[in-house]
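A.B. asks: Residues per chain are reported as follows:
There are 2 protein chains.
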Amino acid sequence: MKTGKAELVCTGSELLGGKLNLYVPPFHERLAPLGFTITREQSCGDSLPVIRDALAGALKRADLVIACGGLGPTFDDLTRQAAAAALGRRLYHSKSCAQILSFNFKLKKLPPNLTDQCLLLEGAKPLENTNGTAFGQVLTRGRKMLVLLPGPRKEWEPMFPNFLDAELKSFFGLPPLAQVKLRAAGLWETQAEKLLRPVMRRFPLAAYTILAGPGTVDFILSGDDGKGMIGRAAAAAGKALGAALYGEGEATLAGAAGAKLKALGRTLAAAESCTGGLAAKLITDVPGSSAYFLGGAVAYSDRAKKKLLGVKPGTLKQNGAVSAGCAREMAAGARKVFGSDYAFSVTGIAGPDGGTAEKPAGLVFFGLAGPRGASVFRRRFRGGRSFVRDCAANFILDELRKIIK
Amino acid sequence: MKTGKAELVCTGSELLGGKLNLYVPPFHERLAPLGFTITREQSCGDSLPVIRDALAGALKRADLVIACGGLGPTFDDLTRQAAAAALGRRLYHSKSCAQILSFNFKLKKLPPNLTDQCLLLEGAKPLENTNGTAFGQVLTRGRKMLVLLPGPRKEWEPMFPNFLDAELKSFFGLPPLAQVKLRAAGLWETQAEKLLRPVMRRFPLAAYTILAGPGTVDFILSGDDGKGMIGRAAAAAGKALGAALYGEGEATLAGAAGAKLKALGRTLAAAESCTGGLAAKLITDVPGSSAYFLGGAVAYSDRAKKKLLGVKPGTLKQNGAVSAGCAREMAAGARKVFGSDYAFSVTGIAGPDGGTAEKPAGLVFFGLAGPRGASVFRRRFRGGRSFVRDCAANFILDELRKIIK
Numbered sequence: 001m002k003t004g005k006a007e008l009v010c011t012g013s014e015l016l017g018g019k020l021n022l023y024v025p026p027f028h029e030r031l032a033p034l035g036f037t038i039t040r041e042q043s044c045g046d047s048l049p050v051i052r053d054a055l056a057g058a059l060k061r062a063d064l065v066i067a068c069g070g071l072g073p074t075f076d077d078l079t080r081q082a083a084a085a086a087l088g089r090r091l092y093h094s095k096s097c098a099q100i101l102s103f104n105f106k107l108k109k110l111p112p113n114l115t116d117q118c119l120l121l122e123g124a125k126p127l128e129n130t131n132g133t134a135f136g137q138v139l140t141r142g143r144k145m146l147v148l149l150p151g152p153r154k155e156w157e158p159m160f161p162n163f164l165d166a167e168l169k170s171f172f173g174l175p176p177l178a179q180v181k182l183r184a185a186g187l188w189e190t191q192a193e194k195l196l197r198p199v200m201r202r203f204p205l206a207a208y209t210i211l212a213g214p215g216t217v218d219f220i221l222s223g224d225d226g227k228g229m230i231g232r233a234a235a236a237a238g239k240a241l242g243a244a245l246y247g248e249g250e251a252t253l254a255g256a257a258g259a260k261l262k263a264l265g266r267t268l269a270a271a272e273s274c275t276g277g278l279a280a281k282l283i284t285d286v287p288g289s290s291a292y293f294l295g296g297a298v299a300y301s302d303r304a305k306k307k308l309l310g311v312k313p314g315t316l317k318q319n320g321a322v323s324a325g326c327a328r329e330m331a332a333g334a335r336k337v338f339g340s341d342y343a344f345s346v347t348g349i350a351g352p353d354g355g356t357a358e359k360p361a362g363l364v365f366f367g368l369a370g371p372r373g374a375s376v377f378r379r380r381f382r383g384g385r386s387f388v389r390d391c392a393a394n395f396i397l398d399e400l401r402k403i404i405k
Numbered sequence: 001m002k003t004g005k006a007e008l009v010c011t012g013s014e015l016l017g018g019k020l021n022l023y024v025p026p027f028h029e030r031l032a033p034l035g036f037t038i039t040r041e042q043s044c045g046d047s048l049p050v051i052r053d054a055l056a057g058a059l060k061r062a063d064l065v066i067a068c069g070g071l072g073p074t075f076d077d078l079t080r081q082a083a084a085a086a087l088g089r090r091l092y093h094s095k096s097c098a099q100i101l102s103f104n105f106k107l108k109k110l111p112p113n114l115t116d117q118c119l120l121l122e123g124a125k126p127l128e129n130t131n132g133t134a135f136g137q138v139l140t141r142g143r144k145m146l147v148l149l150p151g152p153r154k155e156w157e158p159m160f161p162n163f164l165d166a167e168l169k170s171f172f173g174l175p176p177l178a179q180v181k182l183r184a185a186g187l188w189e190t191q192a193e194k195l196l197r198p199v200m201r202r203f204p205l206a207a208y209t210i211l212a213g214p215g216t217v218d219f220i221l222s223g224d225d226g227k228g229m230i231g232r233a234a235a236a237a238g239k240a241l242g243a244a245l246y247g248e249g250e251a252t253l254a255g256a257a258g259a260k261l262k263a264l265g266r267t268l269a270a271a272e273s274c275t276g277g278l279a280a281k282l283i284t285d286v287p288g289s290s291a292y293f294l295g296g297a298v299a300y301s302d303r304a305k306k307k308l309l310g311v312k313p314g315t316l317k318q319n320g321a322v323s324a325g326c327a328r329e330m331a332a333g334a335r336k337v338f339g340s341d342y343a344f345s346v347t348g349i350a351g352p353d354g355g356t357a358e359k360p361a362g363l364v365f366f367g368l369a370g371p372r373g374a375s376v377f378r379r380r381f382r383g384g385r386s387f388v389r390d391c392a393a394n395f396i397l398d399e400l401r402k403i404i405k
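Quick note, the sequences are listed as chains D and Z, same order.
If you read the first sequence in this note's numbering, its first letter stands for residue 1, the second for the next number, and so on.
If you read the second sequence in this note's numbering, its first letter stands for residue 1, the second for the next number, and so on.
If you're looking for bench data, these hints aren't it; they were derived computationally from the structure.
Only a predicted model underlies this, so the values are computations on that prediction, with no experimental measurement involved.
One copy or two, either will do: identical chains are not told apart, so a pair holds if it fits within one copy or between any two.
When the alpha-carbon atoms are kept at most 25 Å apart in a straight line, the in silico DSS-like pairs for lysine-lysine are as follows:
(1) Lys154 <-> Lys19
(2) Lys227 <-> Lys2
(3) Lys312 <-> Lys336
(4) Lys336 <-> Lys306
Construct the complete structure from the given sequences, taking the supplied hints into account.
C.D. replies: Written out as structure tokens, the structure reads:
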């Protein structure tokens, strides 16, 4: 099958100085449906010769080169100049770009830093930026294409549906690489691999990746979908994962639970101690969650547990806040005070401090209350504070998703 | 100043197919104290010619080249072969490596996949792996060094204190690089640049990076600290940033506010609507936050605003939930119900839906109540749902930090 070779050149000294490079996965997701495999990624500091050299190398090897970052208005934004040097083309000041910026910002005269953003590579098409001032640029040379994109994801990502998808399709005309991401929770990576191994053997033409998260496992199938193979393999994998499967693609646990609540016209409330608002944050990350999420109590102190959620003083005294009894009363209290159909609770020791031999860091109790009764869970997560909190939030959202009926 | 140039070559098709590359920040942390700047990073799929080409390019440019990943026992582990091809050296079977593995695994005869792990580059020193079976390798050629490391962090990281720190110090003998990250909030990237430009002119020897976040700006200074230059430049930059500066290094807005609360023995509560638990989550990300954070109410529904926080029905009826009056009553209510010294509130329209001409998506009201009175803020953030929520949470944490006295 015909696959396009794409290379990424990511610029920014921060990418080599302590900040995670978050570019590659979303570019992979954007480019695979357009028929491209990313064959190499280079991260460069804010140095003109380094970026120029990286672009020149990539242009020799790949069909499509995407440079991201370095189009901003400050001194360390050098990608335009580096691309001009790599291609041996000059930069010119685009009047139409200047007019667009003048119009958008209601300015008669552009300040110098905005004027710089109107520099285009000779022969390049500008891409409008709906969330910022830096234009993207597309330039073709022979059978190759160079694309310059601004760094922030909210600036470059809309350029795909708005311009680049059509541009790349018409210039390269590649068959899409199909990709399905199955999302599962409540099992370990090794358990998932065991369940999925027969599927991988049965459909050997696809490429497979298993990615573990905090209490979650993603299974990614990719390849040419000429004969519907990816779809059949995904169906078999979904069957193998069973109830652990909560969605596909960008589905989230909170979204899966929310969709069930919405479909049934049911409502939800949360009572959190050690997750401290994280579970509510994940629920409200979902647009439209106000249709079913009534609210939550972050009951960090004992007083808040008693006053907001009606936890009995005796329960706290006898069993402590990290206990099955407290979790049960927190969930029941949240259901009552918010007047919701379902409510859950999380109370535990996120760590690193606060653990004892009897109740170590990572120990978490959960309550779940619904129209058909209540249940309590106890789990021990091993890892740092944020890992324990992520695992705890994912665990209860997964249990919630499973009981909503 | 003398700085070593290091390049990383990260291997693994998953790094180009959806998985985040987590290698670079920890390598930066390991290499900066040894005097190295990472000048380029390349991610390559599991392809022998691609890895060979990436290594050959890196060896031409850099003093130190570190290849990570691809030393495992499976068919797609190709780094040893690629390094041999890039250097024009052969691989040989090391008897001492085989003895170490035989001893560690109590095996008389090694299986073929473990035998492959005993292949060393001609002239290379093996690095023992205390958490796995793949040996690291160090090879010098002239004034350059190539290091091959296994992919999992728990396998390669101990090789630094155990072997590599000493090896790199004795071979290169470079002075350590200093780096200071100043963190500021409540100003734009371009405002920060204007404030900082005189500092950058005054101390031209350091390298500077400005990074914008949602309502935040980081300013990173790095270079040789031989004459205390980085420290003096950082002090000048901090002065230029003034009250916008909230910390250094890994400081967070929530941590900065928390430290002030802790020092004064004051307590805090939160009342959130559109941020849906995000602000409480950021506060409780800080270990030990239970010392001052009593809790929060995620009051998504009107009922919750009234019942948990005592917002007056008339306020909601006349002004709606997204209003200065509601924000004021939410903050006052949270302060009362949690019994805290300080409380803040956030109520707005995170979007993408729910906006009107009068109250567009991104409009947020904030309340802040403390021992010395209360205040209300109104802001409009432009961007997607998560950007609006991040900006809103950062805005109120920054205002909180500033008023605590």
